[in-house]
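Chains A, B and C, in that order, are what the protein sequence lines are.
Per my numbering, the first sequence starts with residue 1, numbered consecutively.
Per my numbering, the second sequence starts with residue 1, numbered consecutively.
Per my numbering, the third sequence starts with residue 1, numbered consecutively.
Check the hints yourself; a few may be wrong.
[To be verified] Dumping the calculated BS3-like pairs for lysine-lysine here, alpha-carbon to alpha-carbon at most 27 Å: (1) A:K114 <-> A:K230; (2) C:K350 <-> A:K3; (3) C:K132 <-> C:K114; (4) B:K149 <-> B:K120; (5) B:K3 <-> A:K350; (6) C:K3 <-> B:K350; (7) A:K114 <-> A:K350; (8) B:K230 <-> B:K3; (9) A:K120 <-> A:K3.
Just so you know, the hints here were simulated from the structure itself, not pulled from any lab data.
As a plain string of letters, each chain reads:
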Amino acid sequence: MTKTNPGNFFEDFAVGQVIRHATPRTVTVGDTALYSALYGSRFAVQSSDAFAQSIDYPRAPVDDLLVFHVVFGKTVPDISLNAVANLGYAGGRFLAPVYPGDTLSAVSEVIGLKENSNRKTGVVYVRSTGYKSDGTEVLDYVRWVMVNKRNEASPAPDPVVPVLPDAIDPDALGDACPLIDNGSWDADLSGSRHRFADYAIGECIDHVDGMTVEEAEHQLATRLYQNTAKVHFNQFTEGQGRFGRRLIYGGHVISLARALSFNGLGNAFHVAAINGGRHVAPLFAGDTVFAWSQVLEAAEIEGRYDVGALRLRTIATKNRPCSDFPLIDGEGRYLPEVILDFDYWALVVK
Amino acid sequence: MTKTNPGNFFEDFAVGQVIRHATPRTVTVGDTALYSALYGSRFAVQSSDAFAQSIDYPRAPVDDLLVFHVVFGKTVPDISLNAVANLGYAGGRFLAPVYPGDTLSAVSEVIGLKENSNRKTGVVYVRSTGYKSDGTEVLDYVRWVMVNKRNEASPAPDPVVPVLPDAIDPDALGDACPLIDNGSWDADLSGSRHRFADYAIGECIDHVDGMTVEEAEHQLATRLYQNTAKVHFNQFTEGQGRFGRRLIYGGHVISLARALSFNGLGNAFHVAAINGGRHVAPLFAGDTVFAWSQVLEAAEIEGRYDVGALRLRTIATKNRPCSDFPLIDGEGRYLPEVILDFDYWALVVK
Amino acid sequence: MTKTNPGNFFEDFAVGQVIRHATPRTVTVGDTALYSALYGSRFAVQSSDAFAQSIDYPRAPVDDLLVFHVVFGKTVPDISLNAVANLGYAGGRFLAPVYPGDTLSAVSEVIGLKENSNRKTGVVYVRSTGYKSDGTEVLDYVRWVMVNKRNEASPAPDPVVPVLPDAIDPDALGDACPLIDNGSWDADLSGSRHRFADYAIGECIDHVDGMTVEEAEHQLATRLYQNTAKVHFNQFTEGQGRFGRRLIYGGHVISLARALSFNGLGNAFHVAAINGGRHVAPLFAGDTVFAWSQVLEAAEIEGRYDVGALRLRTIATKNRPCSDFPLIDGEGRYLPEVILDFDYWALVVK
Numbered sequence: 001m002t003k004t005n006p007g008n009f010f011e012d013f014a015v016g017q018v019i020r021h022a023t024p025r026t027v028t029v030g031d032t033a034l035y036s037a038l039y040g041s042r043f044a045v046q047s048s049d050a051f052a053q054s055i056d057y058p059r060a061p062v063d064d065l066l067v068f069h070v071v072f073g074k075t076v077p078d079i080s081l082n083a084v085a086n087l088g089y090a091g092g093r094f095l096a097p098v099y100p101g102d103t104l105s106a107v108s109e110v111i112g113l114k115e116n117s118n119r120k121t122g123v124v125y126v127r128s129t130g131y132k133s134d135g136t137e138v139l140d141y142v143r144w145v146m147v148n149k150r151n152e153a154s155p156a157p158d159p160v161v162p163v164l165p166d167a168i169d170p171d172a173l174g175d176a177c178p179l180i181d182n183g184s185w186d187a188d189l190s191g192s193r194h195r196f197a198d199y200a201i202g203e204c205i206d207h208v209d210g211m212t213v214e215e216a217e218h219q220l221a222t223r224l225y226q227n228t229a230k231v232h233f234n235q236f237t238e239g240q241g242r243f244g245r246r247l248i249y250g251g252h253v254i255s256l257a258r259a260l261s262f263n264g265l266g267n268a269f270h271v272a273a274i275n276g277g278r279h280v281a282p283l284f285a286g287d288t289v290f291a292w293s294q295v296l297e298a299a300e301i302e303g304r305y306d307v308g309a310l311r312l313r314t315i316a317t318k319n320r321p322c323s324d325f326p327l328i329d330g331e332g333r334y335l336p337e338v339i340l341d342f343d344y345w346a347l348v349v350k
Numbered sequence: 001m002t003k004t005n006p007g008n009f010f011e012d013f014a015v016g017q018v019i020r021h022a023t024p025r026t027v028t029v030g031d032t033a034l035y036s037a038l039y040g041s042r043f044a045v046q047s048s049d050a051f052a053q054s055i056d057y058p059r060a061p062v063d064d065l066l067v068f069h070v071v072f073g074k075t076v077p078d079i080s081l082n083a084v085a086n087l088g089y090a091g092g093r094f095l096a097p098v099y100p101g102d103t104l105s106a107v108s109e110v111i112g113l114k115e116n117s118n119r120k121t122g123v124v125y126v127r128s129t130g131y132k133s134d135g136t137e138v139l140d141y142v143r144w145v146m147v148n149k150r151n152e153a154s155p156a157p158d159p160v161v162p163v164l165p166d167a168i169d170p171d172a173l174g175d176a177c178p179l180i181d182n183g184s185w186d187a188d189l190s191g192s193r194h195r196f197a198d199y200a201i202g203e204c205i206d207h208v209d210g211m212t213v214e215e216a217e218h219q220l221a222t223r224l225y226q227n228t229a230k231v232h233f234n235q236f237t238e239g240q241g242r243f244g245r246r247l248i249y250g251g252h253v254i255s256l257a258r259a260l261s262f263n264g265l266g267n268a269f270h271v272a273a274i275n276g277g278r279h280v281a282p283l284f285a286g287d288t289v290f291a292w293s294q295v296l297e298a299a300e301i302e303g304r305y306d307v308g309a310l311r312l313r314t315i316a317t318k319n320r321p322c323s324d325f326p327l328i329d330g331e332g333r334y335l336p337e338v339i340l341d342f343d344y345w346a347l348v349v350k
Numbered sequence: 001m002t003k004t005n006p007g008n009f010f011e012d013f014a015v016g017q018v019i020r021h022a023t024p025r026t027v028t029v030g031d032t033a034l035y036s037a038l039y040g041s042r043f044a045v046q047s048s049d050a051f052a053q054s055i056d057y058p059r060a061p062v063d064d065l066l067v068f069h070v071v072f073g074k075t076v077p078d079i080s081l082n083a084v085a086n087l088g089y090a091g092g093r094f095l096a097p098v099y100p101g102d103t104l105s106a107v108s109e110v111i112g113l114k115e116n117s118n119r120k121t122g123v124v125y126v127r128s129t130g131y132k133s134d135g136t137e138v139l140d141y142v143r144w145v146m147v148n149k150r151n152e153a154s155p156a157p158d159p160v161v162p163v164l165p166d167a168i169d170p171d172a173l174g175d176a177c178p179l180i181d182n183g184s185w186d187a188d189l190s191g192s193r194h195r196f197a198d199y200a201i202g203e204c205i206d207h208v209d210g211m212t213v214e215e216a217e218h219q220l221a222t223r224l225y226q227n228t229a230k231v232h233f234n235q236f237t238e239g240q241g242r243f244g245r246r247l248i249y250g251g252h253v254i255s256l257a258r259a260l261s262f263n264g265l266g267n268a269f270h271v272a273a274i275n276g277g278r279h280v281a282p283l284f285a286g287d288t289v290f291a292w293s294q295v296l297e298a299a300e301i302e303g304r305y306d307v308g309a310l311r312l313r314t315i316a317t318k319n320r321p322c323s324d325f326p327l328i329d330g331e332g333r334y335l336p337e338v339i340l341d342f343d344y345w346a347l348v349v350k
């Protein structure tokens, strides 16, 4: 019997199965500093204990997407080591703030299975939950991945496809953001004068700046998240593969786009929910990432006078500035430079 | 109205104007570890809590240049986003030690303006001050940058050019260095037997070692400082520009030169003041940085039996070792390999 | 007299000589986060305070090899700055756990000297000890290096070659691992179901995954350890040298192999001793590292019901997967892809 983890194949999953993932990870100021160095994020709440305390956080919380990446990374060895493709995310909610010193773990439940007609692969749907060592849930989200079958002849399971929400209901938002003292919000320090009421539905915002990605950077990031997907690290094998090079972890693009979005969304300080996300095309080292966002909805959250919620669609491109808001061609297909289509709720100070 | 920050143009500045900058930043041991990894600095006071405590610091202070870069980074979006060139620094003083956990913010006052004769650009002089969340000032310095005009036809302001000191007066030094117990200074651990009295005015020191810079390294550094200058990050745009490549943040060179200077200046443990600095030529990834220093002055500081001040001129080169102290050619022009001419006061244990 | 450190030459060493090294270094969660980002290690004890506490550690200890690299780095300016080659390690023991906040220093004693027959170089044997600021010893090990003579005509010292153990005695293991509550060991969280008794002597384990190394990564690592060996950093000089490129610090390979070994050795959570190690061939940026291990011995440790010791031989290769356990050719020579042959004791939960 081998002692190495071969990863699960499609036949290894059953609806209702619960998988507790290795390795718990204490998130520290070391991780948050590296996150700053990797993306250059400038949101004041996550950057400054003093700013966070001035609006009634106990201290600067860990960036929401760092929490996401750490939780996601734990699921990789069990869920997607043999994945052909990461197909999508839905129904993601941030449920409690995370602070340096908190230890994060993850558990996943298989909520859907569907063999593909080619009989070689199937789609696995999991709901993954991240929690602290005291049991506090900090994040849950659904993702679905295409996974290889071990044996083409294995019988197909009864197909189960979960019904997933298009978007999180606004009243389910905000658990990971304490009630803040919005009267003490210092717009000079936050870097933006635009509050919740200043954003209009349909408004498009070019985030202007571009960020070129190096191999060392995405490898450092992905290892920091203990994400073991082979395609990100192994040039020897990938050099002989479909692209001839290492693929950059899709979450790296999400974090780059979010950091770039500070320029235009500086007061949208908290990612409260991930409605959906698709990695439309791969990113490679040497490419330059740009981003733009559109406001899809603006919602009040019951009981919250301090913040409102903007539903944002953030599009990231490679090697194409976004002043003309690139998205689809005349036939409705994504333009070739589009790499990410990400739909999320951000909380914005009122 | 756009929500993205277009940066200020020459017309947007007025003498006396005060700008409070975003984003406050809590500096942590995560940042100091990254600073070590980026430059390999070996000064014992900043490297070891135990060493620092043995000479009466409460703990290891944050490296002075890390403080400088964080404060500098904050000023970029407001001062130099549309800058053509960073022309120089003067009159910089470190005013209080910074420890992990301190939150740094910055404010700048416009102290000079002068339109250039081409009417397309002008020079903006600012005094920038970094301070902690309790208001303690930790650093102030003057820099001047050449900034584009929005409109060539805009009228020129009355020229105001501040009188800047050639060097900080020695008696103004030392506020960022507590009185130390120099009798407990352990020369084995500090890595140098040379104390203040061992340095002679005019003495030149080759720092010997060379350090090659990679794209990932300077990008990590510059994002860590939340410095948003586009030229450092965007290969897509820079590839079409003057150099065809990303420019490395000048401050990265200062930190490299300072770290290299440990070899010869190991007991010059604190940068107390920046008298002036010029980035003589650009540095690009793949280049190897070398450095040498000359002792310009040696000064006692009133009331300080523990430390003396050396005024040092540190020259950094690219792709040229410094055993022959390269600087200028026969006509007084900088040699092509010289990239930095930096004049500062360092405190040295007596 | 020069103020720069020229390093010691063979003539500068004498048997019995004791050298206290600069620079003491406080290891923090910033360093451990960087260590994670550089290697992607996933051992639960070092990754999670909560996991560590659940088995009776006071908190997550610093990774053993990070301790090794920091101690090793300090010895470089005094021992191996003029080394031609790092010939080997032996007799390494981890003596006390290290936690974030501890300050590490190092001292070396010269225990052997032998001039080579070419009269140009000699071998220097040192026992280096790392200790905390309170004097607690955390690590000691022997290494021997080939060092240049300053002057070929210098007389040879009487040769002294220390007798070194093939391996550390099992009863000398375990001082750096507190007695753990192995009944609380959570195999889901640790990522492995294989306990001490599950490993058989002679068993070979392919660690499967490959990791490509970038210049920026090994430079960040080696500077983090304040290791000043010139060959790792200076492309200007190395570009004109034997390989035409920078050499990667051998310790970087050890840490990569150890991190890869999680896949198959997930419960071998502590490196207790380094019996020996050889850097068989150089590694360069762009190469992909693979690894496999063989169980050489399995030993009980007196007084320890909680853990057993496995003596492991870990082989790292470049650009060659290890499913066929590559090692030597038909004539007993290392295969050209083998870069590391490392013999150590790991503690494994019972």
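We went through each hint and held it up to the structure:
At roughly 24 Å between alpha-carbon atoms, K114 of chain A and K230 of chain A fall within 27 Å of each other, so this suggested pair holds. A hinted pair counts as satisfied when its Cα atoms are at most 27 Å apart, and K350 of chain C with K3 of chain A qualifies at roughly 16 Å. Annotation: proposed proximity of K132 of chain C to K114 of chain C is violated, straight-line Cα distance about 32 Å (limit 27 Å). For the suggested pair K149 of chain B and K120 of chain B, the alpha carbons sit about 6 Å apart, so the restraint of at most 27 Å is met.
At roughly 16 Å between alpha-carbon atoms, K3 of chain B and K350 of chain A fall within 27 Å of each other, so this suggested pair holds. For the suggested pair K3 of chain C and K350 of chain B, the alpha carbons sit about 16 Å apart, so the restraint of at most 27 Å is met. For the hint linking K114 of chain A to K350 of chain A, the alpha-carbon distance of about 44 Å lies beyond 27 Å, and the restraint is violated. Among the hinted pairs, K230 of chain B with K3 of chain B is consistent with the structure: their alpha-carbon atoms are about 18 Å apart, no more than 27 Å.
Taking the CA atoms of K120 of chain A and K3 of chain A, the gap is near 26 Å; set against the 27 Å cutoff, the hint holds.
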